[in-house]
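Number of protein chains: 2
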Amino acid sequence: MVLTVYGPSFASTKRVIACLLEKGIEYSVVPVDIFKGENNDPAYRQLQPFGKVPVIRDGDYVLFESRAILRYIAEKYKSQGTDLYGNTIEARGQVEQWLEVEAQNFHPPAYALVLDVMFGPKLGIVPDPKLIKENEEKLGKVLDVYEERLSRNKYLAGDFFSLADLSHLPFTEYLISFVKKKEMISSRPHVSAWWDDISSRPSWREVLKIPLPDILN
Amino acid sequence: MVLTVYGPSFASTKRVIACLLEKGIEYSVVPVDIFKGENNDPAYRQLQPFGKVPVIRDGDYVLFESRAILRYIAEKYKSQGTDLYGNTIEARGQVEQWLEVEAQNFHPPAYALVLDVMFGPKLGIVPDPKLIKENEEKLGKVLDVYEERLSRNKYLAGDFFSLADLSHLPFTEYLISFVKKKEMISSRPHVSAWWDDISSRPSWREVLKIPLPDILN
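Quick mapping for you: the protein sequence lines, in order, are chains A and B.
My numbering puts the first residue of the first sequence at 62, with every later residue one more than the last.
My numbering puts the first residue of the second sequence at 62, with every later residue one more than the last.
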């Protein structure tokens, strides 16, 4: 059974694809372009009632929300490819903790910067210096905590690459390549070494070949 | 070993306490008052580097982020008390999906309303009608999806009470009792029946006895 992934061009979906590649799971993609309103198609809304990407279909089983999909894949295919969840309940707790930190602390300011600086001009929105400053400050404080954490552990959840690290890939890539905030990473030595490590994994190099949303071309 | 919970007065912590009560796990509490700056105490920052609540200590093991703690408890004590995670990988996937929906879709507008309307006046912030309207609209759209979902399933993840339902308890309680938005629940019959069901569970009735943060008194 080949697993199907909807909306491959978008950042949240790239979390899922990186995870599938780490696990060596075969998949096919169905393009869904949010900027063309394809997410409002009634058939798509049947799969994802909020009209977001990604969605996966694994046989008859449909699942949405990227971080829920990561957990499902990491659990269902635990013994295949990279173990992204840790070997004990305690290690798994650490993965969950830092995956929640990504979702609750890192993602909101990163997303705000990406939306304003990277997509804003394409959507007729003039980037807002006050919003940029506020979110850079918020993100900087989060990265300061990461710097301390990564000075004691190679990866966020401990000594193993996990869902928590993987979940940071798409938006950190956007921050560096499109929002032009590389300095926020490179100025923090342990964050910088961590980023060099996780972003050079073959899975992520492969994800980078996926075309960006049309609106950016 | 008695598990320790830091910051019991706050809404996110009440998720954790409701979970512990569902599992029948003995716990003790350590008050941490954010409005008095106790979360900036260096010893507390050693436990939670972002200065948020809750934190738990289970023997030597320390964990933060409420939804990560929920998952840790539900996994570690799976066979004890209410099973909050489902019996199959697929059921667990649904729990994860709706727990992420709570975190990503329900929580942001609910939190914005609570902060502005419930805590704002105590913090010298004048509630902002535009912010209230925008977040009510966002939350209303989320609840419309819940209404449809709950017309087909008794609970969010299926036919069993799970972490996904439990995680909605503290902020929905605030929305009804303090933000005075009961109508957003009662106007949607299936959401209303679901709320009556989950909020009448003995665990939640017990959580309601915990004193509110001092600032509200």
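Be a bit skeptical, because a hint or two may be false.
Just so you know, same-sequence chains aren't split out, so a pair can sit in one copy or run between any two.
List of simulated lysine-lysine pairs, DSBU-like, C-alpha gap at most 30 Å [stated by the list, open to error]:
#1 K97 x K183
#2 K194 x K113
#3 K84 x K139
#4 K215 x K183
#5 K97 x K139
#6 K113 x K215
Worth flagging that the hints you see were computed from the coordinates, not collected in a lab.
Treat the numbers as computed from the prediction; the structure is a model and nothing was measured.
Each hint tested on the structure:
no., hint, verdict
1, K97 x K183, "within (13 Å within a copy, 44 Å between copies)"
2, K194 x K113, "both (28 Å within a copy, 23 Å between copies)"
3, K84 x K139, "both (8 Å within a copy, 26 Å between copies)"
4, K215 x K183, "neither (38 Å within a copy, 43 Å between copies)"
5, K97 x K139, "neither (36 Å within a copy, 44 Å between copies)"
6, K113 x K215, "between (33 Å within a copy, 24 Å between copies)"
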